[in-house]
Amino acid sequence: MNSNLAERFAELPDLLSGHVLLSVAALFVGMAISLPLGIFAAPRRHLANTVLNIASVIQTIPGLALLALMVPLLGGTIGYAPAFMALMLYSILPILRNTIVGLQGVDRGVIEAARGLGLTDRERLWQVELPLALPVIVAGLRTATVWVVGAATLATPVGAPSLGNYIFAGLQTRNWLSVIFGCLFAAGLAIVLDQLIRLMEVAARERQKGLAIRVGGALMIVLMAATLPRFIELPANAPAPVLAEGEAPTRLRAEEGALQGARVRIGAKAFSEQYILADLIETVLENEGAEVERRDNLGSTIVFDALRTNEIDISIDYTGTIWATIMNRPEPIDRYAMFAEMSGWLYEQHGIVTLGRLGFENAYGFAMRADRAAELDARALGDLAVHARDLQVGGDAEVFTRSEWISTRDAYGLGAMSTRAMDATFMYDAVRDGQVDLITAYTTDGRIAAYDLVVLNDPLGVLPPYDAVILLSPEAVARAGLADALAPLVGAIDSTDMREANRLVDLERQTPAQAAGWLLNEIGLDE
Amino acid sequence: MADPATPILELRSVAKTYAGGVEAVRGVDLSLAPGELLALTGESGCGKTTVLKMINRLEQASGGSIVFEGRDISGIDPVHLRRQIGWVMQGDGLFPHFTVRENIAILPKLLGWDPARCELRVREMMKLVQLDVDEFGERYPQALSGGQRQRVGFARALAGNPGLVLMDEAFSALDPITRDTLQQDFKRLQGELGFSAVMVTHDMAEALIMADRIAVMRDGEIIQQGTPRELLQAPSEAYVSQLLETPRRQIRAIAELDA
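Chains as they are written, first to last, in my numbering: chain A, 1 to 527; chain B, 1 to 259.
For reference, chain A alone in the conformation it holds in the complex:
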């Protein structure tokens, strides 16, 4: 088997079980709330309209936004809790709406017959109204199931492992096989659950006990098979993973490690550099005997919230990012002053310790194709002002809302330029292919050199520094040996090395772990 495919399959038990547990729990609780609510509201017109309106409002919030909003609403908790809450809320509308519509649609003559015969309200509900509304209610449940299983892929950025990990990580590392893999499994899961629910309804309607038992059994088997890896420990004598070429050998000198038995959680944002550095830190800590847990693909502010609330122990962030989006400081200052002020602020406000700078900077830089720059005679940002009306700049989802774009635009007279936000993965190809004229590139990206792009000078020093820093959560600071184990990384990785490691992943299609191995070797830490 293709090694890429083999690796995707290796991740499957963990991600599929996470996905199934999350979706099924959300659907189950969503149903437990919306069914009784629908039954109670259906005969009360005003109440029915009110609850349906509220549920519709929740439904109109885009899935990703609802998930992300749950993190601050739950006090910075990441992982299952916010994902579960959001998906549960998401499942309410279809079930609630169909319960109300189904019950209100039961023929009035049949209801009057039931009353006239002397059925109590409860008997009428259970023996007449619910059975007759069942097909409509089940249709709502099926809609909810398909929505929730699909939306559960969005749980990845809030730190709940799901099939979305394949999609988000694949998108960032341009591993399309991984994206397709995640989509296929999510779609397959939705179809299987949808059809099993449909068969359950057929069994109920036609009162086929045999079919009901078989379908119930199939549902149990699917759920158990999918979630089993969550509940059983893998055998201790599992064969050691075969190292891919260039991957760092993991030394098992656990007995002498300073972090013997400690559990350490590393958070990472959703791009290649973060995966590589998380893999690198993982190796360093495992060499000291620590057990490492990963929380990959977290949203940019979610990773900070998680660190602040001790949901994760370690993250890699960038001075300019903390300065602008966490500290809300509009004007950049000198590199060293910024680092000092940021470190002090993080500690005083949140108890977060800045262990130090890794050595490289991953700043925003305005990059364009070398031939296009020559054509416009552009070496510095100011040279673009005369052409601004005819130029389009591409950038990641957040850059155009950040103060550095606004100050750069104003400082160099680029206000007439049109902007186009896109996923960061695509912007390098977009500028190479001439779909945009320049991009807000990340200066450590390997594609700048590979695509023959030039980064325009910033003579006025408007763009803030983005030094990569290692941050420790308030609780992690107190862990004996943790800071010591990471200390050798401070100042160890320069921009050239980081750019090359990124290039290995983004262009050479190596895994982040392989690139981390190369980087460890390069900085001489693999002994």
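Rather than coming from a laboratory, the hints here were simulated on the basis of the structure. Any given hint could be a false lead.
To be verified - Pairwise CB distance ranges, derived in the manner of DEER restraints: (1) B:70 to A:109: 28 to 34 Å; (2) B:172 to A:204: 34 to 40 Å; (3) B:176 to A:46: 44 to 50 Å; (4) A:134 to B:176: 35 to 41 Å; (5) A:45 to B:227: 42 to 48 Å.
Unchecked claim - A few chain B residues facing chain A, derived, Cβ under 10 Å: (6) 53; (7) 89; (8) 106; (9) 111; (10) 157; (11) 248.
Even glycine gets a Cβ: it sits at the ideal position worked out from N, Cα and C.
Following the hints, complete the assembly by docking chain B onto the known chain A.
Just chain B now, kept in the frame of chain A:
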């Protein structure tokens, strides 16, 4: 069954005023002897169905009193009351998700009869309404003709062995031949089982043919009650004559053609 001298059902000055002040029924006095069939007739909206529904408390009377088997119904739990009174409605009101057998057995089951007794009752009732158990027992209502469905409706209403049966336009949705057959069958059932019945119909001919006594309603009030013969011979006012004129004219027209 009660002493023939005491009425099984008595309505005294019964009135129904809806929220908003609409007076649907005013000062209705009625009395029903055991085994008697009373027809409530009149045009649509005259209040006859409202009177019927007040008897089993599907509607609450807003004035007067209704006494069933010697007790004022306002003191009887509505569910308990309805289980003692058979209910046959317009169309048929059968439960579409229940088989014929289950539709008929619903009241015996609610009354807590054991399954063997329920099954015995279903067979007995289906025989009475002339439906073959083996052929029709497991069918769903949508697989029956209109007449067959109405027969099941009768069987369901009678399964709890009620002393009183209420019928709301029970025959009006049927074709003329089926209607005629079922009307006769109903009279035969009533003769065999001895229950009393109040039927609401807008069809004067049906009332004349079936009922022991007829009460004619107009604008929420009873304007005349009596046996069919009394009505035909001495209509109390022009409106009653007008209602009687329709069947008479039809009979004359047919007789002329037949001559």
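Results of checking the hints against the structure:
Our hint of 28 to 34 Å for residue 70 of chain B and residue 109 of chain A holds, since their Cβ atoms are close to 32 Å apart. The given range of 34 to 40 Å is respected by residue 172 of chain B and residue 204 of chain A, whose C-beta atoms sit roughly 35 Å from each other. The hinted window of 44 to 50 Å between residue 176 of chain B and residue 46 of chain A holds, with their beta carbons roughly 46 Å apart. With their beta carbons about 38 Å apart, residue 134 of chain A and residue 176 of chain B fall inside the hinted range of 35 to 41 Å.
Remark: the range hint 42 to 48 Å for residue 45 of chain A to residue 227 of chain B is upheld by a beta-carbon distance near 47 Å. Because the closest C-beta pair between residue 53 of chain B and chain A is about 8 Å apart, less than 10 Å, the hint holds. The closest approach between the C-beta of residue 89 of chain B and any C-beta of chain A is roughly 6 Å, which is under the 10 Å cut-off, so the hint is satisfied. Because the closest C-beta pair between residue 106 of chain B and chain A is about 6 Å apart, less than 10 Å, the hint holds.
Evaluation of the residue 111 of chain B hint against chain A yields a held restraint, the C-beta minimum of about 9 Å falling below 10 Å. The interface hint given for residue 157 of chain B is met, as the beta carbon of that residue sits about 8 Å from the closest beta carbon of chain A, less than 10 Å. The restraint placing residue 248 of chain B at the interface with chain A is violated, with a minimum CB-CB distance near 34 Å, outside the 10 Å limit.
Consistency note: the structure conflicts with earlier hint 11 alone.
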